[in-house]
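Visitor: Number 153 marks the last residue of the sequence shown (this note's numbering); no jumps.
Check before you lean on any hint, since a few could be wrong.
No more than 27 Å apart at the CA atoms, straight line, and that leaves these computed lysine-lysine pairs for DSSO-like [claimed, not checked]:
hint	residue 1	residue 2
1	Lys68	Lys147
2	Lys122	Lys69
3	Lys69	Lys151
4	Lys99	Lys147
5	Lys151	Lys68
6	Lys147	Lys69
Pairwise CB distance ranges, derived in the manner of DEER restraints [said to hold, decoys possible]:
hint	residue 1	residue 2	range
7	Phe55	Asp139	36 to 42 Å
8	Ala123	Ala150	37 to 43 Å
9	Leu74	Gly54	26 to 32 Å
No lab work stands behind these hints, which were simulated from the structure alone. Every residue, glycine too, gets a C-beta built ideally from N, C-alpha and C.
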Amino acid sequence: MIKFPKKPGARGLPDIPPKASVPARPPDPKPLAPTPARASASPKDAFQPTASVPRTGFAASQARLSVLTTKKSELELQAQHILQSRNQLSHLIGVLSNLAAKHPPGSREGRTLESRIANIQQVDKAFELQLQQLSTQRQSVDAELDAVQKLIAKNP
-2 MIKFPKKPGA
8 RGLPDIPPKA
18 SVPARPPDPK
28 PLAPTPARAS
38 ASPKDAFQPT
48 ASVPRTGFAA
58 SQARLSVLTT
68 KKSELELQAQ
78 HILQSRNQLS
88 HLIGVLSNLA
98 AKHPPGSREG
108 RTLESRIANI
118 QQVDKAFELQ
128 LQQLSTQRQS
138 VDAELDAVQK
148 LIAKNP
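Start from the sequences and build out the full structure, keeping to the hints where you can.
Guide: In structure tokens form, the structure reads like this:
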């Protein structure tokens, strides 16, 4: 039976001090107040940016371009891994088919090999579906990437 120490510091274990409390964040000295709407304003122009609001359109576009490029690279890498796995499965199916050809069609070993080939083909179909999904995602990322590149070229 294992006996645990009843109090901290027993058996040479160091006392663990309680966590220090984190001081609360001081309140903002000047909270943001909504701009009152004009009586004659239409709903379309209810928000009017002021001169103090920085314009970050170009920087945001550059950041979005970077994110999309990274996403496209990740999708292409995933597709390469799936293609490599499919090639390995194809090789394995070939080896198992050669082994199955050496056994009579109704034999126990032949049936076992054929069932394994069928299972591997199902895995290959699942990989094919994943590859199609990645292709669709890559096409949408490509379209968005082209739109962002045009936007950046349009607004230097």
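Visitor: If you test the structure against every hint from before, which numbers come out violated?
Guide: 4 and 7
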